[in-house]
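Protein sequences, first through last, are from chains E and Y. Start counting the first sequence at 435; every next residue gets the next number (this note's numbering). Start counting the second sequence at 399; every next residue gets the next number (this note's numbering).
Keep in mind that the hints were calculated from the coordinates and are not lab data. Treat the hints with caution; some may be incorrect.
[Unchecked claim] Here chain Y is said to cover these stretches of chain E; the calculated rule only asks that three of the stretch's residues, wherever they fall, bring their Cβ under 8 Å from a Cβ of chain Y: (1) 439–446; (2) 512–523; (3) 567–574.
None of the values given here were measured: they were computed from a predicted structure. No residue lacks a Cβ here, since even glycine has one placed at the ideal position from N, Cα and C.
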Amino acid sequence: MWSELLYIEIMKLKRSFIVWLIFVVAITAVTLSYISLHLNSVYNYIPVTWYELLKGNLVYLNLLFASPVFSLVTSYIFVREYHDHVIYQLFSYPVSRVKIIVSKLLVIILFIMVTMLLSFLLTMVLGSIVIGEYQSTVPIHGFFKIYVYSIFLQLSIVPISMLLSIWKKSIVYPVSITVVGLVIVFFILGESYDSYFPWSAPTRVVFELIGTKALNVDIVHPVIMLATVFVVTLVPSIFLFRYLDNFDWTGK
Amino acid sequence: MDYILRTVNLSKKYKEKYVVKDVSMNIKKGDLYGFLGKNGAGKTTTIRMIMNLIKPSSGYIELFGKEINNSSDIPLQRIGSIIETPGFYLNLTAEENLEIHRRLMRMPNKSSIDEALDMVGLLKAKKKLVKTFSLGMKQRLGIARAMLHHPELLILDEPTNGLDPVGIKEIRQLIMRLRVERNITVLISSHILSEVEQMARTIGIIHQGQLIKEMDADSIRSYNFQYLEIHVDNDKLASVVIERELGICNYKISKPQVIRIYEKLDQSQEINRALINNGVNIRQCSFAKASLEGYFIKLTGDGLNVE
């Protein structure tokens, strides 16, 4: 049943612009990472290295692209069913609403996973072309692990967009909140309390992992923070998805 | 009596306001039940409760003879529905939309998609994206989807909303044909009185959240009859003449100086002559038709959309 539900959720995205975002994000992040390093090599004579290329890609992904794009994808997946009046049809199937929301979450996980891994793959291809053989103090599998951790880090803030999408039945609210969150990140990143802000915590963890070149660093606080955000926003999302229509939220 | 669907004192309250109050509907097997009411009367809320999209504040629902106590009790595979606007994934084709429905309804046979599309005349358009469909095509596709899994009960909420007269006629004929061919029970809600009047075998009239009347086809027909309306100067004298001289009992003084005669309508000339000969002055005399609309207005004190 789960594979069937997942297949159906993927099928719904057929011919959708959302799918192209995977490629746009993956390509843009690696391109920006390379361009900035290339300009640095031209003007400051600092050579492009594997470490800087992979690090730059991770930073662009986590800091700039991941949260707004995944917020857009999340809200699109949820809101369009309200917008296109498919939601009541969906609820009239012999499938529980919890299963429906979990299958949507699985598609979002898949989306994040493909984006992150495609970006990693593209970075490897680009690095092989412009730099050559892999040489870095951080082994490839070390970077690969950080990409995998990034999937979970980004996933942890997805329910914020889920909650707002289901509650407000609009893409505007979750995307706006995410953009505002990102603007705030630029002001607070590097401060001691940035670990406690949902949109800076993933980048904070990634910075820690890259900077220390190891996993045994103090990333406990942001991880606990993100896990809390995930649970605290996912539970009401499920509740609202199940019962929202029973309440007179609009006052009508 | 073999009922497919019954609601017993079904109510829905938002904050302190009742949107639906004590609605008790009785839909017999094989019936085509017209659920008639103005916009905002409570039709969609009632249907949403039947489909378990919202929970009733009080009362209960019986489907296929069983009381529904929680969502898992609802035999959704035995029900086909269009709730409000028929919604589709616009980026998918008609066939792909029905494929999603087929899978979620756990229908093993893929050929059921073509059958359903053929039934509503959309087989040739199965590879077309739904976003290119007209509203009429979407309504037909909605009916195909609702019928794909061979339901016993079809619930259609305003299926002709937004359609032109030709589209309305098409959908009406389709629903009537399907009911006979597939031997299904249909609950159709509408605010268009003429539409319900032409199709339904039973009509439930909902007004301000309350089911104020439920009547069968015979009763409906009794509200569609001709009568002779005569405007006179002396209604008392006229009634004496009508009763004693003409022997007519089925008449009434509808308002002062206006008499409605419901029998012996083929003798209108004799009626007129008798009244004049007995000193009753006739100001106006004409045939009129009583209708369900008139009845509805009488019940609700308000009109409906007669399209």
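Status of each hint after checking the structure:
1. Evaluation of the coverage hint for the region 439–446 of chain E: fulfilled, as 4 residues show C-beta separations to chain Y shorter than 8 Å, against a requirement of three.
2. Residues of the region 512–523 of chain E lying with their CB closer than 8 Å to a CB of chain Y number 7, which satisfies the three-residue condition for coverage.
3. Restraint check on the region 567–574 of chain E versus chain Y: 0 residues with Cβ-Cβ distances below 8 Å, three needed, restraint violated.
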